[in-house]
Each structure stands twice: as C-alpha cells, then as structure tokens.
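Novice: Sequence:
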Amino acid sequence: MATKPPTGDPVQDAPRIDAAQHAAAGLPAVAHTLRVAQQQMGVRRTAQTLLKVNQKDGFDCPGCAWPEGDKRHTAEFCENGAKAVAEEATLRRVTPDFFAAHPVADLATRSGYWLGQQGRITQPVYLPEGADRYQAVTWERAFEIIAEELTALASPDEALFYTSGRTSNEAAFLLQLFAREFGTNNLPDCSNMCHESSGSALTETIGIGKGSVSLEDLHQADLIIVAGQNPGTNHPRMLSALEQAKSAGAKIISVNPLPEAGLERFKNPQTARGMLKGAALTDLFLQIRIGGDQALFRLLNRMIIEAGAVDTAFVAEHTHGYEDFERAALRADWDETLTATGLDRAAIEQALAMILASERTIVCWAMGLTQHKHSVPTIREVVNLLLLRGNIGRPGAGVCPVRGHSNVQGDRTMGIFERPAPAFLDALDREFGITSPRHHGYDVVRSIQALRDGEAKVFFAMGGNFVGATPDTAVTEAAMRRARLTVHVSTKLNRSHAVTGTRALILPTLGRTDKDVQAGRKQFVTVEDSMGMVHSSRGNLTPASPHLISEPAIVARMARAVLGPASTTPWEEFEKDYGTIRDRISRVVPGFEDFNARVARPGGFTLPHAPRDERRFPTATGKANFTAAPVEHPRLPEGRLLLQTLRSHDQYNTTIYGLDDRYRGIRGGRRVVMVNPEDARALGLADGAYTDLVSEWKDGVERRAPGFRVVHYPTARGCAAAYYPETNVLVPLDATADTSNTPASKSVVVRFETP
Numbered sequence: 001m002a003t004k005p006p007t008g009d010p011v012q013d014a015p016r017i018d019a020a021q022h023a024a025a026g027l028p029a030v031a032h033t034l035r036v037a038q039q040q041m042g043v044r045r046t047a048q049t050l051l052k053v054n055q056k057d058g059f060d061c062p063g064c065a066w067p068e069g070d071k072r073h074t075a076e077f078c079e080n081g082a083k084a085v086a087e088e089a090t091l092r093r094v095t096p097d098f099f100a101a102h103p104v105a106d107l108a109t110r111s112g113y114w115l116g117q118q119g120r121i122t123q124p125v126y127l128p129e130g131a132d133r134y135q136a137v138t139w140e141r142a143f144e145i146i147a148e149e150l151t152a153l154a155s156p157d158e159a160l161f162y163t164s165g166r167t168s169n170e171a172a173f174l175l176q177l178f179a180r181e182f183g184t185n186n187l188p189d190c191s192n193m194c195h196e197s198s199g200s201a202l203t204e205t206i207g208i209g210k211g212s213v214s215l216e217d218l219h220q221a222d223l224i225i226v227a228g229q230n231p232g233t234n235h236p237r238m239l240s241a242l243e244q245a246k247s248a249g250a251k252i253i254s255v256n257p258l259p260e261a262g263l264e265r266f267k268n269p270q271t272a273r274g275m276l277k278g279a280a281l282t283d284l285f286l287q288i289r290i291g292g293d294q295a296l297f298r299l300l301n302r303m304i305i306e307a308g309a310v311d312t313a314f315v316a317e318h319t320h321g322y323e324d325f326e327r328a329a330l331r332a333d334w335d336e337t338l339t340a341t342g343l344d345r346a347a348i349e350q351a352l353a354m355i356l357a358s359e360r361t362i363v364c365w366a367m368g369l370t371q372h373k374h375s376v377p378t379i380r381e382v383v384n385l386l387l388l389r390g391n392i393g394r395p396g397a398g399v400c401p402v403r404g405h406s407n408v409q410g411d412r413t414m415g416i417f418e419r420p421a422p423a424f425l426d427a428l429d430r431e432f433g434i435t436s437p438r439h440h441g442y443d444v445v446r447s448i449q450a451l452r453d454g455e456a457k458v459f460f461a462m463g464g465n466f467v468g469a470t471p472d473t474a475v476t477e478a479a480m481r482r483a484r485l486t487v488h489v490s491t492k493l494n495r496s497h498a499v500t501g502t503r504a505l506i507l508p509t510l511g512r513t514d515k516d517v518q519a520g521r522k523q524f525v526t527v528e529d530s531m532g533m534v535h536s537s538r539g540n541l542t543p544a545s546p547h548l549i550s551e552p553a554i555v556a557r558m559a560r561a562v563l564g565p566a567s568t569t570p571w572e573e574f575e576k577d578y579g580t581i582r583d584r585i586s587r588v589v590p591g592f593e594d595f596n597a598r599v600a601r602p603g604g605f606t607l608p609h610a611p612r613d614e615r616r617f618p619t620a621t622g623k624a625n626f627t628a629a630p631v632e633h634p635r636l637p638e639g640r641l642l643l644q645t646l647r648s649h650d651q652y653n654t655t656i657y658g659l660d661d662r663y664r665g666i667r668g669g670r671r672v673v674m675v676n677p678e679d680a681r682a683l684g685l686a687d688g689a690y691t692d693l694v695s696e697w698k699d700g701v702e703r704r705a706p707g708f709r710v711v712h713y714p715t716a717r718g719c720a721a722a723y724y725p726e727t728n729v730l731v732p733l734d735a736t737a738d739t740s741n742t743p744a745s746k747s748v749v750v751r752f753e754t755p
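Residue numbers (this note's numbering): 1 to 755.
Calculated from the structure, these hints are not laboratory results.
Hints may contain errors.
Listed below are the simulated DSSO-like cross-link pairs for lysine-lysine, each with C-alpha atoms no more than 27 Å apart in a straight line [as the list claims (entries may be wrong)]:
no., residue 1, residue 2
1, K576, K515
2, K576, K522
3, K373, K698
Bear in mind that the values here come from a model prediction, so they are computed numbers and not experimental data.
All chains should be modelled from the sequences, with the hints used to inform the complete structure.
Specialist: Here it is as structure tokens:
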C-alpha cells in the first residue's frame with residue numbers, strides 16, 4: 001500500500017540545515033528513490049511503471065527533455081525522473097470531498113510541496129463567482145462555462161492560452177489551431193521564461209532556433225563547454241553522455257557561479273565501475289560571476305583571432321558579418337573581462353588552450369545564460385566562438401541549448417508561439433480553411449501585464465503552474481485575480497489553483513503514465529526531445545479516475561463548445577483518433593511528412609536541421625551571421641549582491657519533491673540564501689543567521705522575500721543564490737532580456753535586511 005500524504009504543511013519558514021558545506025555527488029540514492037516511488041505507487045505499481053519510462057514501447061518521462069540513445073538501459077531514468085513518474089502515478093487521490101474540506105483560502109496558505117503531495121485530481125471542479133471552495137462539475141457544464149466567457153469577450157485577444165512544456169505534440173497542435181480559429185495568437189508558453197533567448201539568438205545567427213547537435217555528436221566531441229547549467233540536478237541523464245564523451249577522450253569545461261557536484265564527481269548507477277569509483281567530469285571549472293559570460297566568450301574570440309586559429313575557409317564560404325565582428329572582438333579588454341567574470345588570467349588562457357586543441361567543440365547551456373538582460377547577445381557570442389572554428393555542421397560539434405521540460409521544444413514546433421511565422425499560418429489556413437490572425441500575440445510577461453491592465457479576461461492553461469513559475473509574484477497573483485475566468489488543465493494541485501479569477505475551473509487530465517483509450521482503441525501521443533528527435537509515448541496504467549479525459553479531448557470538446565457548428569474542423573474525429581491529428585500535422589509542419597508511418601518505427605525519427613545536415617543557414621543573409629553587440633555585464637552598488645534563482649536537487653521546475661538539496665548539503669528547508677563566506681563577513685551575515693532579501697530595481701518598488709537563512713557557500717564573489725519559486729517575488733515583471741523578453745531571474749540585485 002502507498003502511504004497517506006502529509007496531513008499538514010511542512011515547515012519551510014524555519015529550515016533545518018544539517019550541513020552547509022558543498023556535498024560531493026556520490027552514487028545517486030537508488031534506495032531513497034525507490035522508497036519514495038513505493039510510498040507514492042506501492043511496490044507492484046513501481047516496478048510496472050518505472051520499467052516503461054523512456055522505453056521505445058513505453059512512455060516519455062514527464063520530466064526533462066534529454067534524449068535517449070538507440071540502445072536503452074532497463075532503468076532509463078534518473079532520480080528526479082523517477083520522482084516525477086511517482087507523483088503522476090501515485091495512488092493518492094484528490095476527490096471532491098477534499099475540496100469540500102479545503103476552501104480556496106486554505107489552499108492558498110499551503111506550500112507547493114504540500115499541495116503536490118495530495119495526489120491526482122479525480123474530477124473536474126468549479127469555483128463559482130462568490131464561492132469559497134471548488135465543487136464537482138460535469139464536463140459538459142465545464143465546457144459551457146468556458147464558452148460563456150470566451151464568446152462574451154469584446155475581442156478574441158482578451159483570451160490567453162498558456163501551454164506547459166509537458167503537453168504532447170497532438171494536444172499542442174490542437175490548442176494552437178483552436179486559438180487561431182477563435183481569432184488570437186495569444187499563445188504564451190514556458191519557452192518564454194526559459195530558452196526564448198536561445199531561440200532568438202539562434203534564429204538570427206544560424207537560421208533555426210534549435211540546437212544543432214545529436215547525442216552521438218556529444219559522444220564524438222573533443223571539447224564540451226557546459227555554461228550556465230547544472231546537469232546533476234536539472235538534466236541528470238546528461239551526465240552519462242558526458243561520461244561517455246570523457247571515456248572517448250573529450251575534455252569538459254564548466255562555466256558556472258556555483259560548483260556543481262554532478263560535474264565534479266559522477267557515479268553512474270548503470271555500471272558497476274561507475275557505482276564503485278565514479279569519474280571526475282570537469283577538466284576546468286571557471287567559476288564565473290553572474291552575467292559575465294558574454295565578456296568571457298568575447299575575449300576568447302579575440303584570442304582565437306590573435307592566435308591565427310580561425311577556420312578561414314568555413315568563414316569565407318558560410319558566414320556573413322565577419323569583418324564587423326572581428327573589429328569588435330579585437331577591442332575586447334582584459335581588465336574589463338577580469339572584472340566582469342571574476343576569473344584570473346591563467347584560467348582564461350587555459351580555456352583558450354583547450355579550445356585551440358579541439359577540432360570538434362560543443363557548447364551546452366541552460367538558464368544561467370538565458371535569463372539576463374543581455375542574454376541574447378551572450379548566446380550570439382557563443383555562436384561566434386563556434387563559427388570562428390567551423391564548429392557548426394561538423395560531426396561532434398555545434399550548439400546545444402539544453403531544454404528543460406519534456407516537450408517544450410515540440411510545443412513550439414507545433415505552433416505554440418505568439419509570433420508565428422507567416423509560412424506556418426499560411427499552411428495552417430490552407431489545411432483547415434480558416435483565416436488565422438497575423439498580428440502578434442502576448443508572451444508570458446505581456447500576458448501578465450494584459451491581465452493586470454484589464455486587457456485580458458480569460459486565462460486558460462494547458463498544464464503547468466503559471467503562478468509559481470512566473471516573476472513578480474505579488475503582481476502576477478493580483479493580475480490573475482482580475483480575470484473573469486481562470487482554467488487549469490492539470491493532473492495534480494499546485495499554487496495556481498489557489499489564485500483564481502472571478503470564476504475558476506480545474507480540468508483533470510490523463511498523464512503520460514495513463515492508458516489512453518478513445519472509441520475503443522488505445523491511443524499514443526508524441527513528443528520532441530531537446531535534440532529534435534520525435535517519438536511516441538504510450539501510458540500503461542489504468543487512469544486515476546474514470547472521470548479523466550485526455551488533453552486532446554479537452555481541447556476538442558472546448559473547441560466544439562466555443563466555435564459551434566460554424567467550425568468545419570473535425571474536432572470530434574480528432575478526439576477519437578490521434579492519428580488523424582498527425583495526418584494534419586504532416587501537411588502543415590515541415591519535417592513531419594508521413595508522420596504516422598515514421599513515428600511508428602521504434603525510437604521515432606529526427607527532424608531536419610539545415611545548419612547541421614547541410615551547412616545551409618536559412619537566415620536573412622543566407623549564411624551564418626557573426627554579430628558584434630557591445631559587451632554588457634551587471635554592475636553592483638556597494639553592499640549589494642547579485643542573486644540568481646535556481647532549483648534544489650529535490651525539485652523539477654516548480655514541483656517540489658522534498659525539502660532537501662543533497663548535492664549542496666542543505667536539508668530540511670528551502671528558505672535559504674547561499675552567500676560566499678567572504679561576502680557574508682563583509683555584510684555582517686553570520687552562517688545560520690536569518691535575513692530578509694530585498695530586490696532593487698529602477699521602479700523603486702520594494703520587493704521583499706522574508707525569513708531566509710544564510711548559508712555560507714562557495715559561490716562566486718559578489719553573487720548569491722536561492723531557490724525559486726520562493727524568490728520569484730524578487731524578480732520585477734519588467735526586468736527582462738532584450739529581444740526575447742525572458743524574465744531576468746538570474747541577475748537580481750539584492751540587499752539584506754535583518755528582521
């Protein structure tokens with residue numbers, strides 16, 4: 001039997017920190033992981049479920065988007081992946097009786113951890129205007145409520161349709177089709193908050209907003225630079241790929257403000273040797289100051305040019321703008337770079353030597369590069385480095401933005417984008433006989449502003465925890481409460497369900513682990529991983545409740561209720577047979593031709609990528625573009641530190657699996673702030689002392705996160721770190737990256753005030 005969920009809220013305001021020192025990443029806690037899984041699922045269900053994770057005939061992990069190789073291990077999952085599966089396949093249930101016992105005001109006092117631990121939601125529930133708690137509602141009435149609100153809007157652009165990165169290709173395609181047939185491009189998604197900066201930079205420089213490498217490329221690389229990323233916590237299966245690359249002779253440089261245990265010492269549980277001995281993955285650790293990456297890569301590019309190590313044949317044939325870039329690069333200043341990065345000259349010269357010794361270089365990055373004001377020029381500078389050495393379109397080389405959620409890339413490919421390409425809309429309109437709007441819609445930040453300003457009145461979320469994931473918590477929550485209707489398609493409870501519009505719906509859906517039968521036939525969905533592989537996902541468990549319906553069914557029924565008989569789109573057919581959705585995708589989205597046949601092959605298929613496959617760059621110039629933006633880096637007032645928000649080891653996105661951060665030696669709590677001991681002493685912050693974090697932004701508004709325990713930790717000087725979503729309150733809504741409008745959650749100026 002699975003254990004009952006916690007009966008009360010864990011104490012997060014007073015964390016019990018057993019150890020503040022940096023912990024080495026030893027053997028992943030296999031026993032701990034299995035114990036957690038068995039608590040949620042029971043012994044038999046644990047085995048039945050985990051053996052199907054990421055298998056060719058199984059289901060895609062609802063966690064990260066790291067790809068699987070052709071040869072799969074029996075246990076093809078990581079610790080956090082197992083926890084994600086356990087929380088979805090849990091035997092715990094949230095029934096209408098639960099909502100009767102817990103008013104919304106009570107849910108609002110609970111932590112995200114407590115909410116998530118209650119289990120799967122079993123029936124649709126509705127919060128009527130003026131009511132204090134959710135109540136059971138039929139599916140028919142739920143869709144009537146949505147139709148009432150959407151058809152009453154003065155303009156379709158008063159509706160927002162948000163998509164989480166776990167949504168399948170089929171559901172995402174239907175949602176964007178419905179939104180555009182309804183008349184809006186308001187399709188914000190979680191990409192807006194994470195890799196939008198990557199997409200913006202890569203589209204301009206190489207012509208496609210996706211990474212250019214495969215798993216095999218990582219195994220063949222001479223040098224892998226991991227910048228602004230913590231694979232050990234956020235993409236643990238990546239460590240196995242890095243280990244394999246090391247075994248083949250690759251060198252690894254990690255660039256990060258915090259030392260990360262997984263990159264320092266990795267014990268691979270898939271092999272006996274790995275379990276016993278482990279491996280040091282990082283050859284060179286550059287402990288950079290937050291936001292100093294552009295300056296570092298610009299100086300490295302200057303040094304490559306001065307060393308005469310440019311691949312001149314590649315540059316001449318395949319690139320544009322080299323002369324302007326070269327002039328800018330040669331102006332890179334050593335003193336400015338050392339100030340911006342906090343590195344010493346010897347470390348940068350060592351990095352250069354490793355780059356010059358490599359014929360095949362890959363640069364991987366994640367949120368540490370994408371969530372700053374100058375994120376887009378930073379990533380462009382990474383591209384410059386690769387172009388200088390001809391390292392795009394070469395086996396074992398290229399750009400590798402490591403996507404987070406399991407189908408975040410696929411959702412964008414399916415058209416979940418507020419600024420769609422005209423060619424995509426043209427193809428959509430031809431296929432369905434509709435007229436899609438051509439004006440741009442709202443991204444995440446603009447959606448919050450629209451709700452705040454009364455320009456949007458209905459918010460529909462296909463998965464995710466919008467309130468928990470977005471910045472400026474007080475502003476976001478106040479904006480959500482101004483909505484006429486909020487709708488969340490969910491499997492479990494989260495903070496967003498307690499922050500409602502005038503009316504609210506929670507629509508429970510099937511998860512990745514659940515068997516999906518429509519019209520008597522078992523269905524499957526598809527996803528796209530971080531490296532452009534598309535494959536099927538088939539759940540094998542009896543659904544948590546007979547009242548659950550699938551995401552494609554939810555969209556199809558909503559569309560029928562809202563659009564009515566005037567719509568000629570075969571929504572009912574799409575609900576009954578997902579193959580008919582894939583047939584339509586194959587005629588709209590390039591690269592998905594003969595979709596049903598190709599995805600039926602074990603392991604699926606790889607989408608085309610012109611820069612990788614042909615060294616063809618579909619940019620405005622027809623070539624890969626060098627860029628030469630001015631170098632930027634954060635500058636701190638006296639007595640302040642630069643804070644980055646990050647995840648704990650026991651966390652995935654906003655989902656909290658537990659209150660420990662084992663790799664960093666922090667246990668029993670989340671309201672902690674990690675500060676370099678020298679900075680802490682200068683600021684009078686004793687280890688274990690409690691402080692309020694106050695962010696400073698040009699609007700003069702005080703944003704405060706109270707009651708954080710100081711942990712002396714080896715961060716880069718001038719830098720601090722704390723977990724989100726607890727510190728999202730400190731990130732101003734208007735503090736965003738240029739071009740991409742991504743929240744600048746990795747560079748928040750803070751001061752410390754003793755309560």
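Novice: With a cut-off of 27 Å on the C-alpha distance, tell me whether K373 and K698 pass.
Specialist: The hint holds at about 14 Å.
Novice: Is it true that the CA of K576 sits at most 27 Å from the CA of K522?
Specialist: holds (10 Å)
Novice: What's the verdict on K576 and K515, does the C-alpha distance respect the 27 Å limit or exceed it?
Specialist: OK: K576 and K515 at ~14 Å, within 27 Å.
The structure meets every hint from the earlier list without exception.
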